[in-house]
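Taken in order, these protein sequences are the chains called A and B. Reminder that position 149 of the first sequence reads as 149 in this note's numbering, one-by-one numbering, no gaps. Numbers given in this note's numbering equal positions in the second sequence, counted from 1, plus 429.
Think of the hints as simulated: they come from the structure by calculation, not from any bench. Glycine is no exception: its CB is placed at the ideal position from the N, C-alpha and C atoms. Hints may be right or wrong, so weigh each one.
Far from chain A by the CB rule (all over 12 Å, computed), these chain B residues [unchecked claim]:
| no. | residue |
| --- | --- |
| 1 | Y498 |
| 2 | S516 |
| 3 | R522 |
| 4 | F536 |
| 5 | P538 |
| 6 | Q571 |
| 7 | Y573 |
| 8 | V577 |
| 9 | V582 |
The calculated lysine-lysine pairs, modelled on BS3-like cross-linking and capped at a C-alpha distance of 27 Å, are [to be verified]:
| no. | chain 1 | residue 1 | chain 2 | residue 2 |
| --- | --- | --- | --- | --- |
| 10 | A | K251 | B | K456 |
| 11 | B | K456 | A | K319 |
| 12 | A | K419 | A | K379 |
| 13 | A | K2 | A | K388 |
| 14 | B | K595 | A | K246 |
| 15 | B | K595 | B | K493 |
| 16 | A | K235 | B | K456 |
| 17 | B | K592 | A | K246 |
Chain B is nowhere near these chain A residues, computed Cβ spacing over 10 Å in every case [unchecked claim]:
| no. | residue |
| --- | --- |
| 18 | E27 |
| 19 | H32 |
| 20 | Q34 |
| 21 | D44 |
| 22 | V62 |
| 23 | D74 |
| 24 | F78 |
| 25 | E87 |
| 26 | Q162 |
| 27 | Q213 |
| 28 | L262 |
| 29 | D277 |
| 30 | E350 |
| 31 | N362 |
| 32 | D415 |
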Amino acid sequence: MKIAVVVQRYGQAINGGAELHARYIAEHLARHGQVEVLTTCSTDYVTWRNELEPGVEQVNGVPVRRFKVKHERDPLVFGKRSDRVFEQLHSLGDELDWLDAEGPTSPALIDYITKHASDYDYCLFFSYRYYHAYYGARASRGRAILVPTAERDETIGLSIFQPLFRGVRAIMYNSPEERAMIHAVAGNESVPGVVVGIGSDVPNNPQAARFRQKYNIRGPFAVYVGRIDQNKGCKELFEFFDGYLKDPAGKLSLVLIGNTLLPIPEHKRIRHLGFLDDTDKFEAMAAADALIMPSYYESLSMVALEAWALGRPVLANGKCDVLKGQCLRSNAGLFYETLGEFIGTLEAIEQNRWLAGSLGRNGRQYFKDNYDWPVIERKYLDMFERLKNEVPGPGGDPLPGWFDRRRQDLPAAQDVLAKLPKGPAGRHG
Amino acid sequence: MPDFNVRSDSVNVEQIMEQIRGRIREKRGVDYTEQQIRELAAVKLEKFLDPRGVRSDLLDQFRKAQPAYEPPELPNFAFEDATLFESHRAPIRWIRKLLMPLLKLLFNPNPLIQALNIQSRLNTINAERDARREAARRQMDQLYYELVHNLVVETTRTGIEVKNLKMRVESIASRLEFNERRARALEGAVVYRSTEPDEPRPQRPAPQIPQPRQQPPPRPQQQQQQPRYTPPQPSYTAPVPVAPPTQTAIAPPAAVTEQPPQAQGAGVPGEGPGQRSRRRRRRRGRRGGGAASTMMGAPSAAQPGATNAPGTVESIDQMDAMDRMDDDGSPDSEEMHDAAAEQVEQTGIAEADHAASTAEPPAVDQAPVEHAHVEQPRVELVAPLPAAPSATESSSVAPAEPAAAPPPARDPADHDPQ
Chain A
1 MKIAVVVQRY
11 GQAINGGAEL
21 HARYIAEHLA
31 RHGQVEVLTT
41 CSTDYVTWRN
51 ELEPGVEQVN
61 GVPVRRFKVK
71 HERDPLVFGK
81 RSDRVFEQLH
91 SLGDELDWLD
101 AEGPTSPALI
111 DYITKHASDY
121 DYCLFFSYRY
131 YHAYYGARAS
141 RGRAILVPTA
151 ERDETIGLSI
161 FQPLFRGVRA
171 IMYNSPEERA
181 MIHAVAGNES
191 VPGVVVGIGS
201 DVPNNPQAAR
211 FRQKYNIRGP
221 FAVYVGRIDQ
231 NKGCKELFEF
241 FDGYLKDPAG
251 KLSLVLIGNT
261 LLPIPEHKRI
271 RHLGFLDDTD
281 KFEAMAAADA
291 LIMPSYYESL
301 SMVALEAWAL
311 GRPVLANGKC
321 DVLKGQCLRS
331 NAGLFYETLG
341 EFIGTLEAIE
351 QNRWLAGSLG
361 RNGRQYFKDN
371 YDWPVIERKY
381 LDMFERLKNE
391 VPGPGGDPLP
401 GWFDRRRQDL
411 PAAQDVLAKL
421 PKGPAGRHG
Chain B
430 MPDFNVRSDS
440 VNVEQIMEQI
450 RGRIREKRGV
460 DYTEQQIREL
470 AAVKLEKFLD
480 PRGVRSDLLD
490 QFRKAQPAYE
500 PPELPNFAFE
510 DATLFESHRA
520 PIRWIRKLLM
530 PLLKLLFNPN
540 PLIQALNIQS
550 RLNTINAERD
560 ARREAARRQM
570 DQLYYELVHN
580 LVVETTRTGI
590 EVKNLKMRVE
600 SIASRLEFNE
610 RRARALEGAV
620 VYRSTEPDEP
630 RPQRPAPQIP
640 QPRQQPPPRP
650 QQQQQQPRYT
660 PPQPSYTAPV
670 PVAPPTQTAI
680 APPAAVTEQP
690 PQAQGAGVPG
700 EGPGQRSRRR
710 RRRRGRRGGG
720 AASTMMGAPS
730 AAQPGATNAP
740 GTVESIDQMD
750 AMDRMDDDGS
760 PDSEEMHDAA
770 AEQVEQTGIA
780 EADHAASTAE
790 PPAVDQAPVE
800 HAHVEQPRVE
810 LVAPLPAAPS
820 ATESSSVAPA
830 EPAAAPPPAR
840 DPADHDPQ
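Produce the complete structure using the sequences and hints provided.
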């Protein structure tokens, strides 16, 4: 079995969610077949600048074939086109222009897929929203399997992606909420799909005490791991934690791990440690009383899964359907929407050891049952086996013609998004 | 393979979240989301804007004070194409009409007529628009008035609520202060006991041993046992005069006879079920007598010559607190209670006795200084006394600051069996 993993960026040092997801999947599927990664030469997701050499190299034993990006992203043009397609009545041509502006525009990659798709049994495309997935899936029709990593944002409301969701051979979802959203927007219930997610190589025995000693952290604390950004809900986290600090019953400190784009509040109970390697990160999570995940938009949240794998409860933002659904399904995390709920839930985890312990145990079991690597690999292999026995469908819709691309009849993406069903999926997904 | 396996263990996050939300509602009131707040704000605004929801006679007064609007009669003129040549005299009108071609030969009056006609129409339009605007403005004024009035009402209501909350905070603060003082008093009692580790702790007598209520102990024996309450502060051992003769006048014989032999030194003997309630009744009977400051160990309690004030709320509260401690039933709390009760009652009774001695002429004409009456019970509490100074010395040395306040003196009249 030969599989192509197609992703916008790839590398050992690239820690973006979908990119890391792709690398983990490629490395684990490489144990069951021949895997080749097709990607671009860029490492920066903002500019898509060509920073790596084109050609083939090995990353952790997996061959990686890189292709140049035709042009970098112009933030002004991209912003302008985003406003157009997200907020106004527009045409299909506007959406294709938006996709071109978003990048990474690599016709060389698409040409290679067109010519060599038949060399692979399946092509796994990660992140539906990028150029490579839209054109690559068309180029490898009949072999394309999509890992959408879709979040509840305006992009899902763009019309160009509906044929993509309907035209691939299968979709590997990250969560039941993501599946429900894509079904609602594209009506692709007939496309084979399974909720898979991703595993994590969590150490068996992280040294929590070593972390405390290394970073001189004493007392109970909650940890946040990830980019410290307003889009990740960190601003709200700071506001809510400030409210928590005013409550004399609360004793937890907040430890922040990750690069920051926001000013960190000055307080003796808020510590920012910067970017840490995996060892320190896992030890920090093991030492923490809870992991806080304040993000509004998540398609899976690997960090939350890692915290559960380490037996730590998670306090998630209830405004994110996926996180809320994960907490409900796992019975391993609490969630908040208001300041009062944030304080109440954090204090409940802090002060009720039985509750925190039970949540942690449930999380560990939830991870073991659903996100352990053998489970993930088995789901992928089962899907490949299933597709092998099925005849490929007619594929997606053809590219629209000249007149169709210019007809101004598509609704604003945010209006489409507003009509999609909200809320977490059922308890059993 | 199924998408998801779920093991809920014994934790149900939904239920826990409901409990947490319920607790938040109890603790902080309803915790609204942003969306709910917006909805509430919209509802409130609708209520404001609905004139039926406004109850106000001020509004009527406002309407009366403001007369109905009538648009003013602004000067204007109508100007048509024949206006320039009109006349009430028919021949003149005929001549003007006849000469019209000649006039038009000299100059063209049409633009002038047109301009004046437009101006006339503009004047009319402007006047109507101004009238409409003025009427609308007056209507808006009424609406603003209603809004402002309702805002005032709401602000008043909020102010009242704030005042109520302030009063509640003050009440809670005073209760907290009282509890802290009570805790300090009880801690002081515990400290007195813990400062004498070498002294053998008296054992509670067996319940079957009858209480020698009818056999009062000899006074010296009682005095020998009292040093157990000697405070650790050196100021407490300040030299004081030996017991003056007024002691006999202070301590009524009947009270002394009711003093059980283990009232001081024997700690808490086994007490029957009725003793606790009797003690409570006695205490309640005394509540009107002692000054609160005396009971609470305030500085004024140690000041000589302090007048005997009626019982205050605090002293009653403290007694009530002790009553509650009576109901606790634990040996530790009983011991603590006993010590605290002794402190309170002794101090109060000493004050009462002192006041009685100052108010009434002494039975024996030998009281040297009034202060001696205050210091006198202290003599019985302080065990290792140095050579007794004179009464005047004691009065001058006797500390009056709260930090150096002596421990509550044991009154010989105290006939509490405990």
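Going down the list of hints, with the structure as the test:
1. For B:Y498, the non-interface assignment is confirmed: its Cβ lies about 44 Å from the closest Cβ of chain A, beyond the 12 Å cut-off.
2. Chain A leaves B:S516 outside its interface by the beta-carbon criterion, the shortest separation being 65 Å against a cut-off of 12 Å.
3. With a least CB separation of 65 Å from chain A, B:R522 remains clear of the 12 Å interface cut-off, as annotated.
4. Distance check for B:F536 against chain A: the nearest CB is about 57 Å away, which clears 12 Å, and the non-interface claim stands.
5. No Cβ of chain A approaches the Cβ of B:P538 within 12 Å, the least distance being about 55 Å, so the stated non-interface status holds.
6. In this structure B:Q571 is separated from chain A by more than 12 Å, as the shortest Cβ-Cβ distance comes to about 39 Å.
7. Annotated as non-interface, B:Y573 keeps its C-beta farther than 12 Å from every C-beta of chain A; the closest such distance is 34 Å.
8. No beta-carbon of chain A comes within 12 Å of the beta-carbon of B:V577; the shortest separation is about 32 Å.
9. Consistency note on B:V582: stated as away from chain A, and its beta-carbon is indeed over 12 Å from all of that chain's, at 28 Å minimum.
10. For the hint pairing A:K251 with B:K456, the CA-to-CA distance comes to about 19 Å; that is within 27 Å, so the pair holds.
11. Under the criterion of a C-alpha separation no larger than 27 Å, the hint pairing B:K456 with A:K319 is consistent with the structure, at around 23 Å.
12. Note on A:K419 and A:K379: the hinted pairing is violated, with a Cα-Cα distance of about 31 Å set against a maximum of 27 Å.
13. As the CA atoms of A:K2 and A:K388 are separated by approximately 13 Å, the hinted pair is consistent with the 27 Å bound.
14. Distance check on the hinted pair: B:K595 and A:K246 sit about 20 Å apart at the alpha-carbon level, within 27 Å; holds.
15. Of the supplied pair hints, the one linking B:K595 and B:K493 is violated, its CA atoms being roughly 40 Å apart against a limit of 27 Å.
16. A hinted pair counts as satisfied when its Cα atoms are at most 27 Å apart, and A:K235 with B:K456 qualifies at roughly 26 Å.
17. Simply put, B:K592 and A:K246 have alpha-carbon atoms about 23 Å apart, close enough for the 27 Å limit, and the pair holds.
18. Under the 10 Å C-beta cut-off, the non-interface status given to A:E27 relative to chain B holds; the minimum distance is some 21 Å.
19. Under the 10 Å C-beta cut-off, the non-interface status given to A:H32 relative to chain B holds; the minimum distance is some 16 Å.
20. Every beta carbon of chain B lies more than 10 Å from that of A:Q34, the smallest distance being close to 24 Å; the non-interface claim holds.
21. For A:D44, the condition that its CB be more than 10 Å from all CB atoms of chain B holds, with the nearest at approximately 35 Å.
22. For A:V62, the requirement that its beta carbon stay farther than 10 Å from each beta carbon of chain B is met, with the minimum near 25 Å.
23. Even its closest Cβ contact with chain B, about 35 Å, leaves A:D74 beyond 10 Å, as expected for a residue assigned away from the interface.
24. A cut-off of 10 Å between C-beta atoms confirms that A:F78 is not in contact with chain B; the least separation is 30 Å.
25. Every Cβ of chain B is farther than 10 Å from the Cβ of A:E87; the closest lies at roughly 21 Å, confirming the non-interface assignment.
26. The claim that A:Q162 is not at the interface with chain B holds, since no C-beta of that chain comes within 10 Å of its own (minimum 23 Å).
27. Separation of A:Q213 from chain B is adequate, the least Cβ-Cβ distance of about 32 Å exceeding the 10 Å criterion.
28. Under the 10 Å C-beta cut-off, the non-interface status given to A:L262 relative to chain B holds; the minimum distance is some 21 Å.
29. The claim that A:D277 lies off the interface holds: its Cβ sits roughly 31 Å from the closest Cβ of chain B, which is beyond the 10 Å cut-off.
30. The claim that A:E350 is not at the interface with chain B holds, since no C-beta of that chain comes within 10 Å of its own (minimum 12 Å).
31. With a closest Cβ-Cβ approach of about 5 Å to chain B, A:N362 is found to fall inside the 10 Å limit, against its non-interface label.
32. At roughly 19 Å from the closest C-beta of chain B, the C-beta of A:D415 stays outside 10 Å, upholding its exclusion from the interface.
Violated hints for the displayed structure, listed by number in ascending order: 12, 15, 31.
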